[in-house]
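Whole structure, please, built from the sequences with the hints as guidance.
Using my numbering, you'd call the opening residue of the sequence shown number 23 and step up by one each time.
Among the hints, a few may not be true.
To be verified - FRET-style restraints, in silico, Cβ to Cβ:
{"id": "1", "residue 1": "253", "residue 2": "295", "range": "37 to 43 angstroms"}
{"id": "2", "residue 1": "41", "residue 2": "115", "range": "54 to 60 angstroms"}
{"id": "3", "residue 1": "45", "residue 2": "295", "range": "48 to 54 angstroms"}
{"id": "4", "residue 1": "59", "residue 2": "124", "range": "39 to 45 angstroms"}
{"id": "5", "residue 1": "255", "residue 2": "284", "range": "17 to 23 angstroms"}
Please keep in mind that the hints were generated in silico from the structure rather than gathered at the bench.
Backbone N, C-alpha and C fix where the C-beta goes; we use that ideal spot for every residue, glycine too.
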Amino acid sequence: MGVVIPTGRTSPHDWESGEGLLGVDDPAEVDAAFERGEGHLGTAVIGLAFNCSLEEASPRIVRAMRLPDIAQRGFAFTAAGTAARLNGELTPELYAALRDEGPVGTADDAIRDTLTFVPFRQLPPWFKWQMVRITVLDKLEYWRTRSEDAVGDAWRARAGQEESSMGDGDWAWPPKPGRDARTAEFLLRLDEGMLGYFREMASEMVGRFGISRAEAVARINERYQGLDIEPYPDLMCHEGPEFWAHGAYYYPDERDRLPTGDVHADAAIDFTRLRVRPLPPQGSPVWTLRPE
23 MGVVIPTGRT SPHDWESGEG LLGVDDPAEV DAAFERGEGH LGTAVIGLAF
73 NCSLEEASPR IVRAMRLPDI AQRGFAFTAA GTAARLNGEL TPELYAALRD
123 EGPVGTADDA IRDTLTFVPF RQLPPWFKWQ MVRITVLDKL EYWRTRSEDA
173 VGDAWRARAG QEESSMGDGD WAWPPKPGRD ARTAEFLLRL DEGMLGYFRE
223 MASEMVGRFG ISRAEAVARI NERYQGLDIE PYPDLMCHEG PEFWAHGAYY
273 YPDERDRLPT GDVHADAAID FTRLRVRPLP PQGSPVWTLR PE
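Encoded structure:
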């Protein structure tokens, strides 16, 4: 027999088996299922993500993220990723839930979906930094894979020779910043427009933090080398250079927030409690300008 839901009609969905729950389109039915302690609530909130407004689906998705059943909890994070895909945005409570879970385990795919389908400018600061982190990690994984493939090819082609006898072609791991990725003083490949953008970032650091230009460039190199920067305007340009300047100088605060350079957006941040990132060690290749 079907379950009678708060609207007075009989549910067409089988809550015992989970059959048909991807078609759920009534938030009240899902609320009643939560109260009954049904076992397929994660599946049901995916249905809400597909069939209801973001505002209706969001609080139920967040609630399902706290379920004790790890599989259903995983489906709830799938629902969050689905909501990002379909709406091109998330609610503040969904952003907060994904940030609290972090970019590991059950939330990883949902966070990546959010970074893919929500316009960069609309992302909260923590998610923008995840975009940078994932870009760096993906780039490093690409180089690692190329290195392993090339080493294997070289061994097969030149059996019996020491690995050290091979040339250090463009697959060499790790890539040598001074040769493989440098534009003027920055250890990245930059076109003229992005070179100007990074130089403005360094100028922001000099003006805001009272450091030398050599130190500013070294901090930028240490923080951002390894990024695959597109020609101007790269994705970074959705924010001003001051946004990325703060990330190269400060650690996030206890709530994982970084200053943005905007007076109003930064009003809640206590700058006196922010920790400054350590100075890059002297002799590091990130120091491309002579200290003043």
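Against the structure, the hints:
1. A C-beta distance of roughly 38 angstroms is found between residue 253 and residue 295, which places it inside the suggested range of 37 to 43 angstroms.
2. Take residue 41 and residue 115: their Cβ atoms lie about 29 angstroms apart, and the range 54 to 60 angstroms is violated.
3. Roughly 49 angstroms separates the CB atoms of residue 45 and residue 295, a value that falls within the hinted 48 to 54 angstroms.
4. Our hint of 39 to 45 angstroms for residue 59 and residue 124 is violated, since their Cβ atoms are close to 28 angstroms apart.
5. Distance hint for residue 255 and residue 284: a CB-CB separation of about 19 angstroms, consistent with the stated range 17 to 23 angstroms.
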